[in-house]
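Chains as they are written, first to last, in the working numbering: chain A, 1 to 340; chain B, 1 to 340; chain C, 1 to 340.
Possibly wrong hints are sitting among the right ones.
Pairs involving identical chains hold if they fit within one copy or between any two copies, as the list cannot separate such chains.
Said to hold, decoys possible - Derived lysine to aspartate or glutamate pairs resembling DMTMM-like cross-links, with alpha carbons at most 25 Å apart:
| id | residue 1 | residue 2 |
| --- | --- | --- |
| 1 | 86 | 288 |
| 2 | 265 | 153 |
| 3 | 148 | 288 |
| 4 | 37 | 323 |
| 5 | 86 | 53 |
| 6 | 161 | 18 |
| 7 | 37 | 324 |
| 8 | 86 | 284 |
| 9 | 161 | 284 |
| 10 | 179 | 205 |
| 11 | 86 | 243 |
| 12 | 169 | 245 |
| 13 | 86 | 196 |
| 14 | 4 | 328 |
| 15 | 86 | 238 |
| 16 | 86 | 247 |
The hints are simulated quantities; they were obtained by calculation from the structure and are not laboratory data.
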Amino acid sequence: MLFKGSHILSIDQFSLRDLQTLFTVSERMEPYAARRKMTRVLEGAILGNLFFEPSTRSRISFGAAFDRLGGSVRDTTGFQFSSMAKGESLYDTSRVVSGYVDVIVMRHPTIGSVREFAAATRIPVISGGDGAGEHPTQALLDLYTIRKELKRELNELRGLKIAMVGDLKFGRTVHSLIKLLSLLEEVHFTLVAPLELQLPADLVESARERGHNVSATTNLHEGISDVDVIYTTRLQQERFTSEAEAEKFRGSYSITAAIYASFCKPGTVLMHPLPRDSRTGAMELHDDLNSNPQLAIFRQADNGIPVRMALFALVLGVEHRVEETARDVSWYVPESINMN
Amino acid sequence: MLFKGSHILSIDQFSLRDLQTLFTVSERMEPYAARRKMTRVLEGAILGNLFFEPSTRSRISFGAAFDRLGGSVRDTTGFQFSSMAKGESLYDTSRVVSGYVDVIVMRHPTIGSVREFAAATRIPVISGGDGAGEHPTQALLDLYTIRKELKRELNELRGLKIAMVGDLKFGRTVHSLIKLLSLLEEVHFTLVAPLELQLPADLVESARERGHNVSATTNLHEGISDVDVIYTTRLQQERFTSEAEAEKFRGSYSITAAIYASFCKPGTVLMHPLPRDSRTGAMELHDDLNSNPQLAIFRQADNGIPVRMALFALVLGVEHRVEETARDVSWYVPESINMN
Amino acid sequence: MLFKGSHILSIDQFSLRDLQTLFTVSERMEPYAARRKMTRVLEGAILGNLFFEPSTRSRISFGAAFDRLGGSVRDTTGFQFSSMAKGESLYDTSRVVSGYVDVIVMRHPTIGSVREFAAATRIPVISGGDGAGEHPTQALLDLYTIRKELKRELNELRGLKIAMVGDLKFGRTVHSLIKLLSLLEEVHFTLVAPLELQLPADLVESARERGHNVSATTNLHEGISDVDVIYTTRLQQERFTSEAEAEKFRGSYSITAAIYASFCKPGTVLMHPLPRDSRTGAMELHDDLNSNPQLAIFRQADNGIPVRMALFALVLGVEHRVEETARDVSWYVPESINMN
Chain A
1 MLFKGSHILS IDQFSLRDLQ TLFTVSERME PYAARRKMTR VLEGAILGNL
51 FFEPSTRSRI SFGAAFDRLG GSVRDTTGFQ FSSMAKGESL YDTSRVVSGY
101 VDVIVMRHPT IGSVREFAAA TRIPVISGGD GAGEHPTQAL LDLYTIRKEL
151 KRELNELRGL KIAMVGDLKF GRTVHSLIKL LSLLEEVHFT LVAPLELQLP
201 ADLVESARER GHNVSATTNL HEGISDVDVI YTTRLQQERF TSEAEAEKFR
251 GSYSITAAIY ASFCKPGTVL MHPLPRDSRT GAMELHDDLN SNPQLAIFRQ
301 ADNGIPVRMA LFALVLGVEH RVEETARDVS WYVPESINMN
Chain B
1 MLFKGSHILS IDQFSLRDLQ TLFTVSERME PYAARRKMTR VLEGAILGNL
51 FFEPSTRSRI SFGAAFDRLG GSVRDTTGFQ FSSMAKGESL YDTSRVVSGY
101 VDVIVMRHPT IGSVREFAAA TRIPVISGGD GAGEHPTQAL LDLYTIRKEL
151 KRELNELRGL KIAMVGDLKF GRTVHSLIKL LSLLEEVHFT LVAPLELQLP
201 ADLVESARER GHNVSATTNL HEGISDVDVI YTTRLQQERF TSEAEAEKFR
251 GSYSITAAIY ASFCKPGTVL MHPLPRDSRT GAMELHDDLN SNPQLAIFRQ
301 ADNGIPVRMA LFALVLGVEH RVEETARDVS WYVPESINMN
Chain C
1 MLFKGSHILS IDQFSLRDLQ TLFTVSERME PYAARRKMTR VLEGAILGNL
51 FFEPSTRSRI SFGAAFDRLG GSVRDTTGFQ FSSMAKGESL YDTSRVVSGY
101 VDVIVMRHPT IGSVREFAAA TRIPVISGGD GAGEHPTQAL LDLYTIRKEL
151 KRELNELRGL KIAMVGDLKF GRTVHSLIKL LSLLEEVHFT LVAPLELQLP
201 ADLVESARER GHNVSATTNL HEGISDVDVI YTTRLQQERF TSEAEAEKFR
251 GSYSITAAIY ASFCKPGTVL MHPLPRDSRT GAMELHDDLN SNPQLAIFRQ
301 ADNGIPVRMA LFALVLGVEH RVEETARDVS WYVPESINMN
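Work out the full structure: start from the sequences and follow the hints.
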């Protein structure tokens, strides 16, 4: 019952036991996410899906997860809550919206604003990301994906080897995932990044203090050669000291089918928080990997639905009642989804 | 049955008896607004929530009210209906949309446009505000709030003392509320505004003609010292003749905890249509009042849900069937909302 | 069962037999579109209503059709899918969204993009228009309207006389409708357009090859004098060689009540895909025709609901189950809609 009525603002809130609870409930959501079954457990409840910064993918994912539980969704997609532009405080906005809906997902460009918003409201708030701050549900679905891809329970992930590749300095999804993985035991992190974009030292330190093994390299081929999972992120060109510098690295951190075949152990799982940059010259995960069964990036995105359904069910305290209104789905669902 | 099939375009449509009907139905909506119960009475019906001018708060309030009745909502949030930009008349837009949905809420920046739209449609239209024109549902929920805060029926409000503070010249919510209150008997209006922003003379005259007492002052402390309700609005700086003039008044019309303690009778209710301006220098209702139990501004916003639910139920003729599909709510609702 | 799981991307997919199936199902949707009945057959299913180009009317029409089947709708109204702006390919976007929802409607400003999107997804995609490309559901509801207005089955439309008026060069709805009508027998097309805006020659040729009669004129009065149906479209001023040229034609292609009375056979049906341009000087169908019972343009727009409901029901394979959850509507519906 830990989550009932809680805000979900940071992965720092989660103990290993909480993660186990969350993932157990997420698994029970799989038949609904795969559209073998439907439920109406949240019929009558309303989600306020407040995106003060555009993020269509996340917004649809949260909204669809709430729909799959039978609830209704009110969306805000504008850059600005119009009344905020007239000088309304986050306190007022938050208090008012809590009179309209039952749970809020909020994304905002300013770090700390989701927490400020949550402090003023009367209902559970789930963060959808606050600028350079956290995007906790992404990290949760990332860990859920690792567990599912490797077919191991959390307590069986001891000794996991994972390479984090790309912009490790600014990539908030990488930071959050490292923190979550640090709740496990004996994780081997290989950090693959150019010198300009190394993981902040405090994150390295705290992982080591918890007994994990952290090594770093600027060499992609070396870094990905002996791991279970490769977690890649976008290399952002504007963060380099010069165009030439960016050019040099860009090629070096692009994983292609040929590189995968040459350097990776069979079965190495490829992950990415998406969107991946498919423009020529970017391609952190090349399109020629699209038919590789170990490319888990779309299953990873799919996992957003059961994990977010589980979070909604838990914070609204209906996780034990989901099956009560369950029915088989009668509309056409392609086998590729239904057999998920 | 007065409201069935009606448009709701102006508070001029309402007799005292209509208000009693509306508020009786609104009270029956309270358990649904407070999420003790849910109903599906409008399951299958569709609201066209057409906001041709952004107003996130009002849009979500109308949409959530319709959701709480079990209906579906189609939203338009853009500044421009795209086909209007191609020369489509309001007549055509209106007629077409009435083929898609069952009731329309429309907000538009141009005065008169909601009425023009309503004239062409085949289904009930509820105004969500038309520029400098009316925003009738705001005035209705304001009056509902006064009645509820003072725990008196409409016919027991004889002798009500209310101070209207701020921009009384342009504030459309003030104008509408004065008209509605004029349906009662022996109301004492105290108008507190700088000379530049006095209430239009015709409104003063018509209130007096109906037997009400209207006095005016530029002095805040004097104006709020012996009233049941203070209704404040934003002072808009750009409407003053000079920066210095604005500066002079701004301080004078800001109500703080200290001013409330020094000048107001115990129990004086503080209202505001929101958004209030919480930027330094504005603060028509200072943040230090937030813990004052007589600060009714958020309960006032909350009241938008039962009042708008009642309007939808009445114009769609289902007000007597709301309880038929009622069920207890099974998801987590904080006590601060549920005990409302 | 032809449609189950199919994409709906082009009217070229449709045989005469498919059209008959579609229209039979569309007719069964009429009581729901006219709000005499409601159904919950798609309760639990989610539509991804992805409008990467604004088209409020089409977006609401698709969304409302899905609502009327009991489903939920996730909308995108922005010009840009935010992750596309970060370099995400249509392939990735498509694959990801198919993990969230059950069927997608997509409108996009770039020709071919809807087809590219559909190729990557795992769920049915219905085109809502791709720039200068096709807008197939418009053509389908146009043909449905002709059949319904003339009260003849498709196989009874042999010998139909139809005038197409306006911008026949660029008007994609005209092109699609001509192709669909070409599936019938012995259609007499009269093409009424200025020389600058004639129908592309290949379309004329292929209609003739299928045995239809195609004649062309620049004279409006002559062209509309002996037909069953007049299908008008907007004349777009920017496509003329000079302002003076545009001015000359604009007047010549405007149908007014007086012109209708003087030149049209009694009973001639007036159609238009909307929006019509009601600004002075445009008026391809003058406002003074609004009370003419043969003005079918709004009934044509209304027909978007049953036709789109039928498409959703068919691609999701629930067309035989719509009645199972049918109930009478209990909310107020104006006679003008209910008796439709």
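| Which of the numbered hints are not met once you compare them with the structure shown? | none
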